[in-house]
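J.: Sequence:
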Amino acid sequence: MHPETQVALQHARAAELRADADAYRLAAVARHRRGLRARLGWALAAVGLRLTAAPKTAAAVPASRAAAPPPTAKAPTAPSATSSS
Numbered sequence: 011m012h013p014e015t016q017v018a019l020q021h022a023r024a025a026e027l028r029a030d031a032d033a034y035r036l037a038a039v040a041r042h043r044r045g046l047r048a049r050l051g052w053a054l055a056a057v058g059l060r061l062t063a064a065p066k067t068a069a070a071v072p073a074s075r076a077a078a079p080p081p082t083a084k085a086p087t088a089p090s091a092t093s094s095s
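Quick note on numbering: the sequence shown equals residues 11 to 95 in my numbering.
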C-alpha cells in the first residue's frame, strides 16, 4: 500500500473512532442522568407512601396523642330515664 494512502486511511479511522467515543460519552451521560432521575423518583414515591400510610400499631402513635381522645369525640352521656322497650 502506498504510504500516503495508508496515512489517509489511518486519519479517517481515527476520526471514526473519535466520533464513536464522543457518541458513547454522550449516551453514558444520558443513561446516568436517567438512572439518577429514576432513583430519585422511586425514593420520593416511597416517602409519599410512608407518609400517607396509617400507623399499624399503638406504639407508632406518640404517647400524648394515644392518651387523649380525638378532638371530635363526644363525651359519654347518661342513659335517659324513659326507655322505649
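Mixed in with the good hints there might be a few duds.
Taking CB as the label site, the calculated pair distances span [said to hold, decoys possible]:
(1) A56 x Y34: 50 to 58 Å
(2) H21 x R60: 52 to 60 Å
(3) A37 x P13: 31 to 39 Å
(4) A53 x A29: 52 to 60 Å
Hints in this document: simulated from the structure, not taken from any laboratory. The beta carbon of each residue, even a glycine, is placed where N, CA and C say it ideally should be.
J.: All hints are to be evaluated individually against the structure, with a verdict given for each.
T.: Evaluated hints:
no., hint, result
1, A56 x Y34: 50 to 58 Å, "violated (33 Å)"
2, H21 x R60: 52 to 60 Å, "holds (59 Å)"
3, A37 x P13: 31 to 39 Å, "holds (36 Å)"
4, A53 x A29: 52 to 60 Å, "violated (37 Å)"
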